[in-house]
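**Student:** Each protein sequence line maps, in turn, to chains U and W. Quick note: the first sequence uses this note's numbering, first residue 5, plus one each step. Quick note: the second sequence uses this note's numbering, first residue 13, plus one each step.
Source of the hints: derived by calculation from the structure; they are not laboratory data. Errors might be hidden in some of the hints.
Here's a subset of chain W near chain U, in silico, CB distances under 7 Å, partners left out [said to hold, decoys possible]:
#	residue
1	K41
2	P253
3	L353
4	R379
5	P413
6	G448
7	L459
8	K479
9	P503
Covered by chain U, according to a simulated footprint, are these stretches of chain W (three or more residues, beta-carbon under 8 Å) [to be verified]:
#	stretch
10	422-428
11	431-444
12	521-534
Bear in mind that the values here come from a model prediction, so they are computed numbers and not experimental data. Glycine included, each C-beta is placed from N, C-alpha and C at the ideal position.
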Amino acid sequence: MKGQFDAIMWTLWLPLIGSLVQALFGKWVIGRLGTASGRRVMGFLAVLPVFAAFGVGVWATAKLASIEPDARVATVTLFDWIRIQGLRVPMEFRVDTLSLTMVLIVTGVGALIHLYATGYMGEERDYPRFFTYMNLFIVLMLVLVLAGNLAVMFIGWEGVGLCSYLLIGFWYRDLSNARAANKAFIVNRIGDWGMTLGMFLLVVLTVGNWDKLSLQSDRLLSFDTIFANMHSIFGGHPVMTTAIALLLFVGACGKSAQFPLYFWLPDAMAGPTPVSALIHAATMVTAGVFMVNRMHVVFEYSPVASAVMAAIGAFTAFFAALIAFGQTDIKRVLAYSTVSQLGFMFVACGAGVYWAGIFHVTTHAFFKALLFLGAGAVIYAMAHEQDMRSYGRLWKYLPITAATMFVAYLAISGVPGLSGYYSKEAILGGALAGEHATIGTVELGVYSGWLALFVAMLTAWYMTRLTWLTFFGKTERWRSLPAPEEQDHSEAHETHGHEEHGPDEHGFFYSAEEMAAREAEEGHEEHHGLDGSHAPREAPPSMTIPLIILAACSVGAGFYLEQGDKFKTWLYPSDLPVLEHVREHPNVLFRFLGFAVNLPALSIFAAACGIFCGVLIYSRGLPRREGWNLAGWGRFRRAARRQFGYDDALMSAAVDGGREVGQAIWLNFDAGIIDGAVNGIARLFGLLGSGLRRAQTGLVRSYALLMLIGGVALIGWMAYALWRFGGGQ
Amino acid sequence: MNQPTGFGLLSGVVFLPIVGALLVALIPKAQVAAIRYAALIASVATFGLSVVLLHGFSSSTFHFQWVEFVPWIARAGIHYRVGVDGFSIWLVLLTTFLSFISVWFSFYIKDRVKEYMLFMLALETAMLGVFVSLDMIVFYTFFEFSLIPMYFLIAIWGGNRRAYASLKFFLFTFAGSIFMLLGMIVLFVLNWRLTGTPSFSILDIQSAVASGKLWAGSPHLEPWVFWAFAVAFLVKCPAFPFHTWLPDAHVEAPTAGSVILAGVLLKMGTYGFLRFCLPLFPDTLPSQVPILMLLAVIGIIYGAVVAAVQPDLKKLVAYSSVAHMGFVMLGIFSLNHAGILGGSFQQLSHGVSTGALFLLVGLIYERRHTREFKDFGGLKAQMPIFAAIFLIIMLSSAGLPGTNGFVGEFLALLGAAETCFNRLYGLDPAFVVIAGGGVILAAVYLLYMFQQVFYGPNTNPDNKRLKDLKPWEVVMAGSLVVLVFWGGLFPNTFIGPMEASATATRLMATLPAGQRPVWSDPSQEVSAAGNQSQLVSLGDGRLGAGAIIATTDVHVVWQEEHPPEEVVNHLGAR
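Looking at chain W on its own, in the form it has when it is part of the complex (with noise of 0.2 Å):
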């Protein structure tokens, strides 16, 4: 693994935006036309490239494919190190894909299009570079990269409070980031002293982790190291408490910025639990999960309450972003197959249909520079196409079975129920129980939004003059609606890639050590032939001493390969 690469194809994908940013640069400022096709060439060819990525995956492994190692900083243990897995290579995609989205629609941006283009574009890199970093250093790195171009699109061409609302955003990420930059330094210490070698790679922690070895000499740093990442983790998703950034941010950022921060940016955090979180804490997992889940439903019902009393469009769909990433995290915490692999399935399809909404509440914002909803009313005759790709997109919001929505929201709150009613971690059925509400006050402050917009007698004479969306924005909007209907009636496109790496990482977070499955062992595969299977309890006491489902004992079944029928199987780790 530590053999020298050069710089390959991923480096391609993650840099491409930037060396487009600097040939925009080169473009004299007046040429607007020329600078924005010019951007949308760069994010389209990064796409592209993407695919091609794609195209070469394998999904029946869990290690990291198109890895790229360049040799950096030794004597620090920092390489330039990046690769992706079936988390990460979607990730890439929904960042290239609504990266180009973005910037088409920036088409509409007016003012200092050059500067625009260029923190774009920029930020495309960084959040790339966030998802295939494979070094503590350079995720850092791109981390906090990624907030710089953000700042500066929302401080810049922002609305009337937009510097509050950029200081803030970079106020609470900066701030709980920090932390993590210390659980780094512990890690690195940690491992350098067991080893002997100084290393940030993710892959050379993960694997003394994995042997026990690295927690064994310090057990009572690791429950603050974990909260040092979670905390940062926490803070971007965003889960309550620390939420208020986003709705300001939201309101304040233009169009593109908005999509690109419900769609992208606030998956860094539910990487960041998936990535960090769950391979490198097992000890200390079981009796972190309750708070976490807590977080999680919390997250959900009071996401949705406040979300149904906004007036402002963009707030209420900030707010629904809140609700949805509870469901992401709720998916993750169960530490079951099914709920992993739906809080990643949740994240992708919160990515294409939050993205949407903020596109669609953008379009007609472009049109009547409003979105408080005493300013619509009666549109639906007014723009019939319009409300269509509207409806579809709000329904796929709400989790409507067919839509992309509706999968991850099911996995996830299956994985929930699986625990929950198990009575693991401690966990109460209450939990799942007060999530699956969540679901109902989706409906509640969705179709409030859509009957405030849509439905009603249109008396707005502004409203009576609007045309409806133009051929170009259709295919734009249309685009996601169908990614909306492909991840609901064939989530497996996007589901089988991930599985491998999601019975990976869940099982080096439950497995005991020397048992966990490790990323820098090639010779290892989770998938491998034979039905092999391990008897396992888990870290709490109190397995099944409380569990509704009369089993006398709770263990794992760790199955070989999908069985080709009617073959026993589980439903994965509990």
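With the rest of the complex left out, here is chain U (with noise of 0.2 Å):
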């Protein structure tokens, strides 16, 4: 075995080049070759890593199914990263059926939208940083998914985060995108502090019942480790255990956006498009998704963490949905659609069916990227508008990019027949079947699974909301839009005042002459905004054909998939070690006038309801009540547009209490009582000692000599001692 799949680290180290390359020499090849051929070349240089990762991804995969099917795991080590006596963490990956299964969905479906990004943003001043920055996200989301150990799982944990933090605030300008970045790493940084307190608990309860393991090994923080010791560790220990899977959880609530922190996920799209496709739809934030399926044996454990997974996860889907009712930003319609979906992948995960949230993750994966890949070639044609209110019966403009995103459309809304029907088709019966998530004998997975039936529906509505707004309808009505509000001009109208600067003797600043040269270097940015003139036009070939690649997967992937079991028995070939064969298909539902309904019909019937709502309000354009005038909107579409005032809330308790608290602490508290205390006291010294203070300002420089005096002397006396006595025993 040993050795077997080392080549699968180049899937590391070729995005880890080329995002060094991109570093190191992508201003200056641009430089040298020109603005346009050089981005082509940096542009292939970037794509160039992700799709070979991608080979090495086929490849490995190859090499795994020929195997038997139990012996289906593989460990790469390459050296010891922290060791102390009775830990160990090496910097050790995991190969098997589950992690080469996201490395494909990462590097294959990161290729695709490398090489869309060549063109989305071919426009781009800092093209080498935002690819050095992609590159890296690639690496960091490999290491996340490959990791033999919890740890090392957390440095691409973090790491893709670090990664995102930068993407978003990618065009820092803007201090909202700042704004933005800052508060995806911080929220993101809350569920780290679950993750690592879960660590540190499991480390505890498995070293409390170190002499019951039946593999004592140092690697404490090991997959293989806690696998082999399950049965001890969690065994004995229920409420250790929900404290460890519910920590853990919190973690993923973290990355994979629910409820109570999804709300940093819709700000995200601050970051250009290709990046929100990437990372903050197709591949990062299912990582919570993921870690619940490797540490899949903890929640096997606990029914109640289970149950509480579950109903977050249902109820994550329906607030979000409700939400996606009251924007009008195209990018934010479908930012809380993903936060929709992946509490679906969720509620699979507390009910016990594993395999149903990873298929569910990676059909999403496919729709979801050409959803937002689709969204930004709209994007792109409507020079940078993204609001639906202004878009309109594109299809006639844009054949390629409506024809691709409807099929996405059809996909996420559960049509029959394509990839999005059959994980979804597998996460509810899996909930409305199982009997995992309870709490007592309240049935907390059952109810989730009737929610997500009616999330369901809602999805196929609000996406149908979306397509027709921006694809269909009779008008075009970018032709006629309001006028726009007064602007503000009086940043562009900044005074350039030439200040008189002293001698620049360290040759700190630019000269007047250099000054001049950098300004004519970065010319002048034609900022072209939409008007009613405006002729939208498809996008060039590097971003249509992800499109269609995209397009075929959402088409067969679910149900190729779903042939035979045939993702299931990959991911798990054996029955749960604890649930063993957890229950996924409901027979029947419930009798209806004498027909037995089960599920297949019950969520085709969702989502043709879903769609025939939604075409019956948006075949005709933009309705009234949603139009530009917030005014007029109903009372929950706007509720729903403010998010229900929870992100409001949040954020003003957060940002501003917290200011207020860190200000009051710190001038009262440490500025106040504390050096009050000690200004008292030295007050008080000062008026005793006032006789022999000369004037107030000596008094530094007598406290000074008086010490200086005193150290010379000390030393003199030892020096003088050392004289005296030397020697002296």
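Need the complex rebuilt from these two chains, each delivered in its own frame; the hints are there to steer you.
**Tutor:** Structure below.
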């Protein structure tokens, strides 16, 4: 076995090299070859390693598939990362069916999105910086999914958060982007807090059960140690196991944007659209689902934590779907839809059908990446306007984008035959049939299943809204935009006063000539806005080819992977260790007018219902109740637009409240009480010693002098003593 | 151990800077360049010599190495005795390295260069002396002597409120260490009464403590003496509520002063905990641990919350030091292997990353003569290399995995979790849950800082003229970036040599009298061959009773030698 899969490391090394090349040589190459061809070369160098990594992934998958199903695990160890007595954390990577599935998604979808980005970001001045971050993201995401222990996984876990932070804030000149980036990182950190505590508790529990372990290894955080010892670690400690599971789930909530930590993800749309597609839809945000799959034994031992997970997943799915109805920004609708779909995945994990969670991760990666990239193509065609209210009838201008996005729309809506239908069916089936996610006698998992079924209807509805508002309808609404509000031009007329500067002896500053040269080089950015005469144009092939490939996957992947439980037996070839065989297919849900209603019938009905309602409302274009005038909106929709006040309340409490608390503590306690006491004592001594003091200003100096004399005297005395008694024993 | 050895390499490292200072003193005042390079050469040579020390250092023993013993005042039991163990060897290297960086940066100093360099080099000797002294009086002398050059660095080259800040710095730390001197004298007297020979040697005292005889006669004194030491180190650390000197001192100090202050001087406090508070007071320690852990947790949260509202770069970093040093204390007073190693690693990584942050703040301060957030914004486009280095250092300070900041925090929190979740010493899991929240807050204030300086539009005309870092500045800051990744990816380089000392110190603090390791007995080793283990119950009656974990009794397995693979091994003493 040993060494068979060592080459998997190339999936990491290649993008890492790519990232370094972009960072170190990007600017130089573009400067050398000129903007156009330089960017083409760097774009090629950015896409190549990801495609190559995908190739390595395919090779490894094929190789793994040729091994006996029960022996499909290999570990690649590089070196000992942290090693202390009693705890060893090697830099180890685990090649198994779960990790390779994720590797294929990350590199495959990632490569397509990289290709797309070479076109989408073509006008970007910081071209190499963008691909530095993107390639780095691929590396760290692969570290996350390939990790052989929780600590190495945590490198990737926080690392992808960092890349997300950097890419959301990519256009950093706009402070609101920077704030969105901070929000993403900090909210993720809350999740990470839970995850680290979960890790610590796991270590404590393992050490506490040391004598019972069947595999006594100091690699306490390694998955193989945990799996081998799961009965002795988790078996007799339901409370501790639930605590660990819930803490890990806090981590998953942060990364996978579940309630109450979902609110960073919509703001993350401030990043460039390929980033939204790659990181904030297809890969990084599914890391929580992946982690729950990786650690599924903990959740199997804890029905309570599973029930909480299912309930939170279902609620998040519902809540985000409602909010989506109030959004007019096309990317924000998709963002909430992502949050909602992630909720579905957690419903599956809570119900114990872990494979269905990953199944939905896979299909969702295809159709959601496609939706985002399609939205990007629309935004690209519409002069960076993201508001759906100024779209309409775009299918005429963007045939490829419209066709591919329509496929994705059908897939996410759960239309039979397309990929989304199969994965959603697996989730709902598992939830409605499952007995795992229960607290006492309350079958939270089943309720979550019903709620999720309802959300499936809502999904079809709001996605219909998005599709019709964007591509269909009779009017091309950008041709009759309402007059823009008074724009504040004060910033543009900023005075360039030539101030007098002192001599610049260190060469810290550019001289006047250099400044002029720099300004000339930067050039003038023409910002072409959307106006009535705008003629949308289809995107270049670098952008449409990924759309077409993803559309093909969105159609076929579900059907292909579903056949004969192919995907399930690939991920979980034998029964689960604790739950063994969870029920996955409820036979008859209920009887209605004498007919036995089964799940497929009901979910097809839900999808049809949603689509029907949507088409009914939006086929005639933009309803007045959702128009430019917010005052005309319904109460529900206005509340949904503001996320029902959740985000505002939380942010003002955290940011403003936090600032006030900090200020109060600092000014009152630090400066007031402690320093007040110190200064008071000093003043007391000052009064006592005022007779000795020559002048107020001399205070410091005389103290210092005293100290110096004291110090010198001490040393002098010691030196004298040394000379006097030197060597005398 | 009491054979005179004469002065050797270790003394060479300690006193080379002051010799360099004497040479600098000979150079005429006007020859500024000569002064600068002489000082730089002295600090580089010291760093080089300290690397030789490290090269000859053996990781397998907890005993002091490079020991030098020069008899001095025999009647008072004061001798010149120095040596390094796993903790101090790294602090010596940290000191020599950061001193070298500081002297290099100080090429920007224009006023009274000669005096400045004299003080810098004198300060280096004082700091090195603290970390290598094995005699309490010698330790105390260096400990106090380090105040004087620092005081002058702040008072002469500082900012507007330098008089207030330098005085405050001086009085706080001086007041704290007076108690320490008293404590030392008590230890001396008790030991004298016990053995009949006067000795200020830490080794002799520890040997008397380890046998249990030192405190046997006067157990009521032990907590008092413990706190006499602890207060001195809490002020130095600085721990809440003794921290208010730090922000003032940092804001007013010149850049190199801040680097040294944050990078090295604060470590004297945590080093003091490791050298005195843990080995010398094993009987009272269990009942004092909750108080110290509480101060650590308060420091972590308090420092972070207050850092988040600072309007000034340096103040923000200063308060962040309070939070970071809280993690060091948290780890050390977990009294287990992971915690002590985590705390000791965290103090090194804090030295590197906070030192580097102050250096970077200094680089921008030299250019713009301001540190207020409102004067900055949008520098990322203007100074991309500076921004990239700043980002990496900031992330290391935030504890991102892969950087040095993570390893220390992770191990310290893991150690604290072990202690707290088992409810040892009456601690509660809430301690570690809240302390873990400090990691979230670290992201809050650090990202805020980065946003204020580097993001947003670049509107200030003065900032628009800024050039990026110069090559030598990139090399200087880049060397710290290398350490950040080295510490983050290959932490065993640093942890390995510390392990034996950490184990010994832990056992000195937790084993019952008679079984504790003794520094002055060279025949002892904590890593002898064989799998010898000992059952020990710690001094707290509450052990096990309220433990979350359903272990019937809490015990320590004293594990020898690192197991080759998959061998029984516990996480160390609990």
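**Student:** The hint names G448 of chain W as touching chain U; please verify it with the least Cβ-Cβ distance against 7 Å.
**Tutor:** OK, holds: G448 of chain W within 7 Å of chain U, min 5 Å.
**Student:** Interface hint check: L353 of chain W, Cβ to nearest Cβ on chain U, cutoff 7 Å. Holds or violated?
**Tutor:** Holds - the Cβ of L353 of chain W comes within 7 Å of chain U, reaching about 5 Å at its closest.
**Student:** Given L459 of chain W as an interface hint, is its Cβ closer than 7 Å to any Cβ of chain U?
**Tutor:** Cβ of L459 of chain W sits 5 Å from chain U, so the hint holds.
**Student:** A closest beta-carbon separation below 7 Å is what the hint needs, so does R379 of chain W meet it against chain U?
**Tutor:** holds (4 Å)
**Student:** Against chain U, with CB atoms and a cut of 7 Å, does the hint on P253 of chain W hold up?
**Tutor:** OK, holds: P253 of chain W within 7 Å of chain U, min 5 Å.
**Student:** Take the shortest C-beta to C-beta distance between K479 of chain W and chain U; is it under 7 Å?
**Tutor:** Holds: closest Cβ of chain U sits about 6 Å from K479 of chain W, inside 7 Å.
**Student:** Cut-off 8 Å, C-beta pairs, minimum 3 residues; does the coverage of the stretch 422-428 of chain W by chain U stand?
**Tutor:** With 4 residues in contact (Cβ-Cβ under 8 Å with chain U), the coverage given for the stretch 422-428 of chain W holds.
**Student:** Please check whether the stretch 521-534 of chain W has three or more residues whose CB lies within less than 8 Å of a CB on chain U.
**Tutor:** As far as the stretch 521-534 of chain W goes, the hint is violated, because 0 residues have Cβ atoms under 8 Å from chain U.
**Student:** Is the hint on P503 of chain W kept, meaning its closest Cβ partner in chain U is under 7 Å away?
**Tutor:** holds (6 Å)
**Student:** Count the residues of the stretch 431-444 of chain W whose Cβ falls closer than 8 Å to any Cβ of chain U, and tell me whether that reaches three.
**Tutor:** It holds: at least three residues are needed, and the stretch 431-444 of chain W offers 3 whose Cβ sits within less than 8 Å of chain U.
**Student:** Taking 7 Å as the limit, does the beta-carbon of P413 of chain W come near enough to a beta-carbon in chain U?
**Tutor:** It holds, given that the least Cβ distance between P413 of chain W and chain U is near 4 Å, below 7 Å.
**Student:** Should the interface hint for K41 of chain W be scored as holding, given a Cβ-Cβ cut-off of 7 Å against chain U?
**Tutor:** Violated. Min distance 20 Å.
Going through the hint list in order, the structure does not satisfy hints 1 and 12.
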